[in-house]
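**Q** Given next are the chains, with one letter for each unit.
Number of protein chains: 2
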Amino acid sequence: MKKPITAFSGLLTAGLLMAAVSQAQVVEDFKPSAANQSGKEYPMVNSEGRVRAQIHAPEAQRVQLDIGAVKYDMLKDENGVWTGESAPQDEGFHYYQLNIDGASVPDPGSLYFYGAGRWGSGVEVPAHDQDIYALKNVPHGVVSEQIYYAETTGDLRRCFVYTPFSYNKHPEKRYPVLYLQHGGGENETGWSNQGHVNLIMDNLLAEGKAQPFIIVMDNGTWDFSGPRKEGAPWPPEGWTDGFMQRLLEDIIPMIDSNYRTLADAGHRAMAGLSMGAMQTRVITLSHSEVFSQVGMFSGGSIREDDLAANPDFRDNNKLYFVGYGSRELESGRYNMGGDPENNVARLKELGLNTYFYVSPDTDHEWQTWRRSFYRFAQLVFQP
Amino acid sequence: MKKPITAFSGLLTAGLLMAAVSQAQVVEDFKPSAANQSGKEYPMVNSEGRVRAQIHAPEAQRVQLDIGAVKYDMLKDENGVWTGESAPQDEGFHYYQLNIDGASVPDPGSLYFYGAGRWGSGVEVPAHDQDIYALKNVPHGVVSEQIYYAETTGDLRRCFVYTPFSYNKHPEKRYPVLYLQHGGGENETGWSNQGHVNLIMDNLLAEGKAQPFIIVMDNGTWDFSGPRKEGAPWPPEGWTDGFMQRLLEDIIPMIDSNYRTLADAGHRAMAGLSMGAMQTRVITLSHSEVFSQVGMFSGGSIREDDLAANPDFRDNNKLYFVGYGSRELESGRYNMGGDPENNVARLKELGLNTYFYVSPDTDHEWQTWRRSFYRFAQLVFQP
Numbered sequence: 168m169k170k171p172i173t174a175f176s177g178l179l180t181a182g183l184l185m186a187a188v189s190q191a192q193v194v195e196d197f198k199p200s201a202a203n204q205s206g207k208e209y210p211m212v213n214s215e216g217r218v219r220a221q222i223h224a225p226e227a228q229r230v231q232l233d234i235g236a237v238k239y240d241m242l243k244d245e246n247g248v249w250t251g252e253s254a255p256q257d258e259g260f261h262y263y264q265l266n267i268d269g270a271s272v273p274d275p276g277s278l279y280f281y282g283a284g285r286w287g288s289g290v291e292v293p294a295h296d297q298d299i300y301a302l303k304n305v306p307h308g309v310v311s312e313q314i315y316y317a318e319t320t321g322d323l324r325r326c327f328v329y330t331p332f333s334y335n336k337h338p339e340k341r342y343p344v345l346y347l348q349h350g351g352g353e354n355e356t357g358w359s360n361q362g363h364v365n366l367i368m369d370n371l372l373a374e375g376k377a378q379p380f381i382i383v384m385d386n387g388t389w390d391f392s393g394p395r396k397e398g399a400p401w402p403p404e405g406w407t408d409g410f411m412q413r414l415l416e417d418i419i420p421m422i423d424s425n426y427r428t429l430a431d432a433g434h435r436a437m438a439g440l441s442m443g444a445m446q447t448r449v450i451t452l453s454h455s456e457v458f459s460q461v462g463m464f465s466g467g468s469i470r471e472d473d474l475a476a477n478p479d480f481r482d483n484n485k486l487y488f489v490g491y492g493s494r495e496l497e498s499g500r501y502n503m504g505g506d507p508e509n510n511v512a513r514l515k516e517l518g519l520n521t522y523f524y525v526s527p528d529t530d531h532e533w534q535t536w537r538r539s540f541y542r543f544a545q546l547v548f549q550p
Numbered sequence: 168m169k170k171p172i173t174a175f176s177g178l179l180t181a182g183l184l185m186a187a188v189s190q191a192q193v194v195e196d197f198k199p200s201a202a203n204q205s206g207k208e209y210p211m212v213n214s215e216g217r218v219r220a221q222i223h224a225p226e227a228q229r230v231q232l233d234i235g236a237v238k239y240d241m242l243k244d245e246n247g248v249w250t251g252e253s254a255p256q257d258e259g260f261h262y263y264q265l266n267i268d269g270a271s272v273p274d275p276g277s278l279y280f281y282g283a284g285r286w287g288s289g290v291e292v293p294a295h296d297q298d299i300y301a302l303k304n305v306p307h308g309v310v311s312e313q314i315y316y317a318e319t320t321g322d323l324r325r326c327f328v329y330t331p332f333s334y335n336k337h338p339e340k341r342y343p344v345l346y347l348q349h350g351g352g353e354n355e356t357g358w359s360n361q362g363h364v365n366l367i368m369d370n371l372l373a374e375g376k377a378q379p380f381i382i383v384m385d386n387g388t389w390d391f392s393g394p395r396k397e398g399a400p401w402p403p404e405g406w407t408d409g410f411m412q413r414l415l416e417d418i419i420p421m422i423d424s425n426y427r428t429l430a431d432a433g434h435r436a437m438a439g440l441s442m443g444a445m446q447t448r449v450i451t452l453s454h455s456e457v458f459s460q461v462g463m464f465s466g467g468s469i470r471e472d473d474l475a476a477n478p479d480f481r482d483n484n485k486l487y488f489v490g491y492g493s494r495e496l497e498s499g500r501y502n503m504g505g506d507p508e509n510n511v512a513r514l515k516e517l518g519l520n521t522y523f524y525v526s527p528d529t530d531h532e533w534q535t536w537r538r539s540f541y542r543f544a545q546l547v548f549q550p
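Protein chains in written order, with our numbering: chain A, 168 to 550; chain B, 168 to 550.
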């Protein structure tokens, strides 16, 4: 056995040297990711935002770190431990996975988050403004798993409901409600798990920067993977009717029945990210008798012709907020009908109470949405 | 390329034949596990309780299904998809993982559960009595994530709190509280995620078989992995003092402050499984001024000499319940000080209100604890 092992070690040494050359630029100040499982050292992140993964896979031929749509080869040491790192990532949360001899699997070191249609690994690149979602010793609200039967779909479902700290303390008080939607391939867990929307709210409330309100996070999944007709509008007409009906006929009545809400349009808002923003646009434009305040993050904007077609929205809307990451705004990839900043500016000229926010140096990703929510939460339900 | 592929296919065919012979007994009625991610077909379970896993790993040399402390070799087809199954498993929930060329990873097909000190895969073998934890169209309570600051440990922590459906409906009503602990290597998520304690309660309440009460599930982790002194008692004296202090000084006051509780010993119970049962024994024996009702599942029992040493417990206890799986009872592996059934019978003779339950054909596993909880919940806080 001695010979083959020596030969193999020789190969490894050569590999390590090559790696050392190609990684001469990597800053060696890696620290465990904040999204790791308790006690797990890897993945790590350095000050450049590089993600370094590690896994014990002694018999594997090829192991890769798959993050940001790029697969990075990892390198095996003499103990069968593979290590490798990515190019620098933007600040904030990123989905990723490991690829072991062709199998795409979650990294056993990370916590798991729902995105891309499955539970998978997540990693946290420290952000200069991470204080907004930091876990602090302030009064904390709770996030509750609420199971309910939906008549419109005939099945048992669940949503998550954030109630602020004061909700349990003041059993006579009623609260406004924000309906907050995730993006495509995500689900009802996203805003609290990777969005940290509860911590953002707890911190804002502790600083007196927001009004207390209830947040309802349900699953608005719509399958984008179906066949697309050449020349037909996309997404097709009526694409969010199913979720709209469930929201209006099941979710809102159930919430108004089980929680102490202020059950009128003046105290009801809807917001969402990406697909959730597209749903927010369709639903709030046609139902200003239900929602008076609107937030759209990275999923298009309302245009002047939308207002013309929906005069009730124009008359009843109290707040219209649009947020984007600077990188996605530059690429224009998620504009979805005209330049969002221009569209919002035009609505302001037409008399709406509008806000346009750009998250610096982020793309179509959670740091954009955390920051957008942080701004939106300070504007919504203000007297 | 044609030649090597043909040779490889020949090898595969031989392998498939061997597998076919060894698996002649497998009943081909596999269905997706109830603990799968939405839309995922594998893992599957058949009527014998065999678990069949499948994963695409085209470049892998060896893939195994690791369940019940046994690794089962899986077999690759011509598309690089590996499939394999286990021996029959007991009814109920089981932790498992995949092993890909030596790397132990979660199965991308399953939901993830915390056990064995990490988030990993779980699979559900249909049980003859699964109706007790089935998701039904009944009024549902909520499970809330409660963040709090613990003075005794100086850190921010979380627990999960089940409140019955009626809790939100009757804001003037106060409720008794059960403190319910997980086992070693598990955490505060276990009782609701894999125990389905919320569904068991919802179903019992809908049938009028239990009193409504609040359930608090916190993390009582104690590290069993430290050095053991030859001849010294194990676990060592004082092993659960840290958790006991946090429970008494932080958790209970926080719950009594944030929830509408009946804050006296008569309306406070403690129960736990395995390590949690051991903690329940230590804590309730020494604090009958705090807890009057006690459940211990698969983690020992209170003996006559315990009563003699704790006369207050003997005088104040209103309910003492012990549950075990029949298989672990046979092996005696989790008896922890005398025969549990005899110990409980002796306490009954001495005047305590005792119950002893044996879960048929289960071991030291979640089906035992779901069933034990189902019985305990019908006895606790009864007038």
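Among these hints, one or two may not hold up.
Identical copies go unnamed one by one, so any copy, or any two together, can satisfy a pair.
What the hints assert, rightly or not - Restricting the straight-line Cα-Cα distance to at most 25 Å, the calculated cross-link-like pairs of lysine to any residue (SDA-like) are:
id, residue 1, residue 2
1, K303, L474
2, K336, H531
3, K515, F332
4, K207, R324
5, K198, A475
6, K336, N477
7, K340, M421
8, K207, V193
9, K340, G284
10, K336, H454
11, K198, K303
12, K336, P225
13, K238, V525
14, K396, I367
Since the hints were derived computationally from the structure, they do not count as laboratory data.
**Q** Could you tell me which of the hints above the structure violates, numbers in ascending order?
**A** The structure breaks hints 1, 2, 3, 5, 6, 9, 10, 12, 13 and 14; every other hint is satisfied.
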